[in-house]
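Sequences listed follow chains D and L, in order. Those letters in the first sequence? Residues 13 to 179, by the numbering used here. Those letters in the second sequence? Residues 2 to 160, by the numbering used here.
Do not take every clue at face value.
Have a look at the derived ranges for each label pair, beta carbon to beta carbon [as the list claims (entries may be wrong)]:
#, chain 1, residue 1, chain 2, residue 2, range
1, L, 101, D, 58, 19 to 25 Å
2, D, 14, L, 71, 48 to 54 Å
3, L, 4, D, 37, 35 to 41 Å
4, D, 111, L, 13, 55 to 61 Å
5, L, 107, D, 111, 51 to 57 Å
6, D, 34, L, 51, 24 to 30 Å
7, L, 137, D, 58, 21 to 27 Å
8, D, 47, L, 13, 37 to 43 Å
9, D, 91, L, 29, 15 to 21 Å
Calculated directly from the structure, the hints in this document are not laboratory data. The C-beta atom is built at its ideal place from N, Cα and C for all residues, glycine as well.
The residues making up each chain are set out below.
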Amino acid sequence: MNVEPHLLERLMLDRALGQLSEDVEALLAAVVAEDAGRNSRQSELLTTAAQAHEAMKRRSVSAGLELPPLAARPRQRSRWRAAVMAIAMAGCLLVGLSARWLFPRERQLPAPEPSVVVVPAPTPAMRTSELWSLQAFIDTTKATQDRRKPLVNWHSPSEMQVREIEQ
Amino acid sequence: MDSTEIAALYRLEAPRLAAYVRRLVGDRHGAMDIVQETFRALVEQASQSHLQSPRAWLYAVARHLAAKSHRRSRPLPLQDDFPATPASSEPDERIQMMLRAIRRLGPELREALDLRLEHELSYQEIAFVLGIPLGTVRSRLHNAVRTLREQLGGQENQR
Numbered sequence: 013m014n015v016e017p018h019l020l021e022r023l024m025l026d027r028a029l030g031q032l033s034e035d036v037e038a039l040l041a042a043v044v045a046e047d048a049g050r051n052s053r054q055s056e057l058l059t060t061a062a063q064a065h066e067a068m069k070r071r072s073v074s075a076g077l078e079l080p081p082l083a084a085r086p087r088q089r090s091r092w093r094a095a096v097m098a099i100a101m102a103g104c105l106l107v108g109l110s111a112r113w114l115f116p117r118e119r120q121l122p123a124p125e126p127s128v129v130v131v132p133a134p135t136p137a138m139r140t141s142e143l144w145s146l147q148a149f150i151d152t153t154k155a156t157q158d159r160r161k162p163l164v165n166w167h168s169p170s171e172m173q174v175r176e177i178e179q
Numbered sequence: 002m003d004s005t006e007i008a009a010l011y012r013l014e015a016p017r018l019a020a021y022v023r024r025l026v027g028d029r030h031g032a033m034d035i036v037q038e039t040f041r042a043l044v045e046q047a048s049q050s051h052l053q054s055p056r057a058w059l060y061a062v063a064r065h066l067a068a069k070s071h072r073r074s075r076p077l078p079l080q081d082d083f084p085a086t087p088a089s090s091e092p093d094e095r096i097q098m099m100l101r102a103i104r105r106l107g108p109e110l111r112e113a114l115d116l117r118l119e120h121e122l123s124y125q126e127i128a129f130v131l132g133i134p135l136g137t138v139r140s141r142l143h144n145a146v147r148t149l150r151e152q153l154g155g156q157e158n159q160r
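Given the sequences, and given the hints that come with them, work out the whole structure.
Structure follows, in structure tokens:
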């Protein structure tokens, strides 16, 4: 029977890995038996897979694992971790309190009274015009508007409080 | 799946699953925790829906939990956990050579081979566990066996 070599190789690998159905395996065995080279290759692959299987079975990892009964104490590890976390947090708190006790902060001084600086309001310009003239009216209006400007009042104790005094 | 079946599955599969997870996380206690967590999840899942392959499901969940415990997004490579000498009292030279050759395989090939030969999962189950296409599983396993054969053939020729 003429079978493509790469297809035959794949089938031989599947057989070595134990993944062929009985029918296909019998068919493959018949094809392989026709040719000495194929037979040799099949033997190599079968031997390799068998040795790998045996080597993996000999690993002694599972021997040291004694598992507890199912769901007997499933969260034991988590509880242990939570306990470690709680102890660590308590330790941090203790260190913080100790540091506070060993190095107390200096007493805070009372905040200084806000200083008040008196800034004289700008005096109206000297009247050069007649008392009842138009220019006198304009000057008076302008001076009144200047006096109505909002007061500058800083509430921060570190800043100065500026108050305008009407004259 | 009732509690009796789950208990039987636990007795049968838990040691092998623990061995697999231990190779993933490299920690005995961590592996046991993950196995317990996996079976707890199986108890919850089995009451809600029918599982086609409980074994594959167990391995997939255990693998996911192992990856989560290590906070890795990439698949975990199997760790090199082979004993210095096999458990057998008369170490076979061929087996020693094979162990060395398996160690030299890439992690992806080694994990696929491990799931197939030691844990005896089918191609479909391995694909489910690793979250890869069936063809990729087949290709990895073929490559693994071919590579082992080449390495052993080369070593035998050198001797």
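Structure-based check of each hint:
1. L:101 - D:58: 19 to 25 Å: With a Cβ separation near 21 Å, residue 101 (chain L) and residue 58 (chain D) satisfy 19 to 25 Å, so the hint holds.
2. D:14 - L:71: 48 to 54 Å: About 51 Å separates the Cβ atoms of residue 14 (chain D) and residue 71 (chain L), which means 48 to 54 Å holds.
3. L:4 - D:37: 35 to 41 Å: holds, 38 Å
4. D:111 - L:13: 55 to 61 Å: holds, 56 Å
5. L:107 - D:111: 51 to 57 Å: Holds, since residue 107 (chain L) and residue 111 (chain D) (Cβ atoms, about 52 Å apart) stay within the stated range.
6. D:34 - L:51: 24 to 30 Å: holds, 28 Å
7. L:137 - D:58: 21 to 27 Å: holds, 23 Å
8. D:47 - L:13: 37 to 43 Å: Cβ of residue 47 (chain D) to Cβ of residue 13 (chain L): about 42 Å, so the range 37 to 43 Å holds.
9. D:91 - L:29: 15 to 21 Å: At roughly 18 Å between Cβ atoms, residue 29 (chain L) and residue 91 (chain D) fall inside 15 to 21 Å, so the hint holds.
Hint violations for this structure: none, all hints satisfied.
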